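Undergrad: Each chain, letter by letter, is given below.
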Amino acid sequence: MRRYKTSYPISWRFMDLLEAGFAFVLPNGGGRLTPYLLLTPAVLLVGTLAVGLLYIGDSSLRVLDRTTFLFSDYWTLENYQRAFSESFTATIIWRSLAGAVIVTVVTLLLAFPYAYVMVRTSSALLRKFLLVALFLPFFIGQVVRAYGWLIILGNQGIVNDALALVGVEPLRLLFNYPAVLFGLVQYMLPFGVLMLAPALTAIPEDIEAAATSLGADWVRTLVHVVLPMAKPGLIGAGVVVMTLSLTDFAMPAILGGGSQDFVANAIYDQFFRTSDQGFGASLTLILIAVGSITVGLVFAVFGAGTLALGANRK
Amino acid sequence: MNFERKLNRRSLLKASAAVGATGLASVSMPSVLRAAEPDKPSELIIRAWGGPWVEALKNGVSDPFTEKTGIRIVHDLTEDNEIQPKVWAAVAQNRTPPIHINWDTTTNATKSALRGVCEDLSDLSNLSGTTDLAKPVGVEGYPIVNTYGYVYVLAYRPEAFPDGPPKSYHDLLDPKFKGRIAFYNDGIGFHFPAQLAGGGTLEDIPGNMDACWEFVEKIKAQNPLLGEDPDFVTWFQRGEIDAACTISTNALGAKRSGVDIAWTVPEEGAKFDTDGLWIPKGHSESDLYWAREYINSALTQANQQVWLDGLGLPGVVPGLTPPEGLAGDPSYPTKPEDFERLIRISGQIQVENESEWFSKFKQIMQG
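As they're listed, the protein sequences go chains A and B.
To convert, note that position 13 of the first sequence is 13 in the numbering used here; the numbers rise steadily by one, no gaps.
To convert, note that position 160 of the second sequence is 1160 in the numbering used here; the numbers rise steadily by one, no gaps.
Hints are computed from structural coordinates only; laboratory data are not their basis.
A quick note: this is a predicted structure, and the numbers were derived from the prediction, not measured.
The C-beta atom is built at its ideal place from N, Cα and C for all residues, glycine as well.
Hints may be right or wrong, so weigh each one.
Computed far set for chain A versus chain B, every beta-carbon distance over 10 angstroms [said to hold, decoys possible]:
| hint | residue |
| --- | --- |
| 1 | Leu44 |
| 2 | Ile92 |
| 3 | Ile102 |
| 4 | Arg120 |
| 5 | Ala133 |
| 6 | Phe138 |
| 7 | Arg145 |
| 8 | Leu297 |
List time: in silico DMTMM-like cross-link candidates among lysine to aspartate or glutamate, alpha-carbon distance up to 20 angstroms [said to hold, decoys possible]:
| hint | chain 1 | residue 1 | chain 2 | residue 2 |
| --- | --- | --- | --- | --- |
| 9 | B | Lys1086 | A | Asp65 |
| 10 | B | Lys1360 | A | Glu78 |
| 11 | B | Lys1360 | A | Glu169 |
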């Protein structure tokens, strides 16, 4: 009896308690409403975001009068016209999008073997080491990590010091597009591994063993067995890494040195530097649209991956 | 055109007598007036920039104010760009603003003045003892009180210029400076000299700045570094750049930290601008009174001397002594001839056009 109580998960007990509470508050039909009531926090959270988006949408349709620094009382599409007519906007959108795609591909290429070894290794020590190495960066903020790279990759940094030992003149490794992408990959790698690991754990080792026993070498096993079965995880990780990269602010700002702005940096400039919240809001909605369309295309081509449970999962 | 190429310093001299009179008046303020002072708040919140900036303000203005009144001064180090929307929102919603006084660039403060969120400071008693630099250009009255001026000098490493200081921004186009020059990432401080370096005139600002953008295109080919104030000091300290268009305080900061650095005003001239103090609307009568007193105290000669010694900048009160080594320096203009090559454009023109200028500069540099 005691053993049964112990094995009953605490989360289930919590749910029982909630259900009892609902039944007490709503004695007639409270049970039927419980699932919907439990959805309330999520609905409120999403609803708050939706209301925020409505405000942003409203702002995006108002132009700033620079003689009074007040916004127009009427709606106009001028901010969008400006966004689509300024070549700088196109530059930063393409730079952000291309960067997000490159970072996603490179991150997945690096995250997959990491996650695979972490899941499959028989060495507890190695698994612990990989886990610690995976979680350690989460304790260090993105900005601190970016400044760390400034120290490492600077003209007088460790890398250039090492190059000097073999007679190479100091190289400018920072303040360019590759530096931003490098910083983003380093930042995104733990997210990629964390998203991939559950998908790889779900693949039974027996299936790989079966493929091997039927004559497949490790490459064929990887291509024909592991990768197809890991597809949901790859898609989930790809979507997370891509959306986070697309909207990143700190890496382009710090490692780009003011010369490699992403859309988020341009939005910051409009909101805070030039006080044009209307134009900033229009850039925000364009960024959301670009991100949503990109994710939609990924789902359309590859399926919804881990985000679609059940029937839609390919 | 609403710009001023030269500053009239005559009023600076004329005002010196008034300073003495104002000082005497404050010393001999009748006790009956002191008794009429409103209740003192326990603290006033002053937004400030960090590091040596806030240290200078603390030593020069805040500590003496606390000593005199007993009111504690809290320095809020939120960036001026980021506090601005919070203040605007608070005023629009009839809430108490998060700060009592904003130490702000005059350009940013002008936006708030145009928006109508600044208290009028025209009747501060110490204003009568200030030079015309204290008066913001392009707005009515004193919604902001400018407290000092600063120059966007061309700072350089003497070692990189063995034949003497760079005479012109054209000197930076020498191939040996490729990748070794720096500008603010939105080009602030460089737009106006670039207009002249590109063969244009100041009279064409803001209507026609093609000359500016043509010269910026040439500079872009030199692959400059783009950054903010702290970056310039770091880059000079590490020897990563040979020259930069930057506020003189940054160059002075690098020099004070031991870097071999000098600065000059090139033949195209240098942008001259001001910072100031202003009070957002929405505070209680007593808080407003003491906030105004704080700004008034920032305009006394004694407080300006200590505050601006820390910043190495010329103030708005006559009779200040330049910090060691800055007498006659182009970054410390005091005489009319010092201002001949300094470019001052009205705050209103700047705020109306800076978004376009920043965007165009970034488009060229990042395109």
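Undergrad: Could you work out which earlier hints the structure fails to respect and list their numbers in ascending sequence?
TA: As far as the earlier hints go, 2, 11 are violated by this structure, in ascending order.
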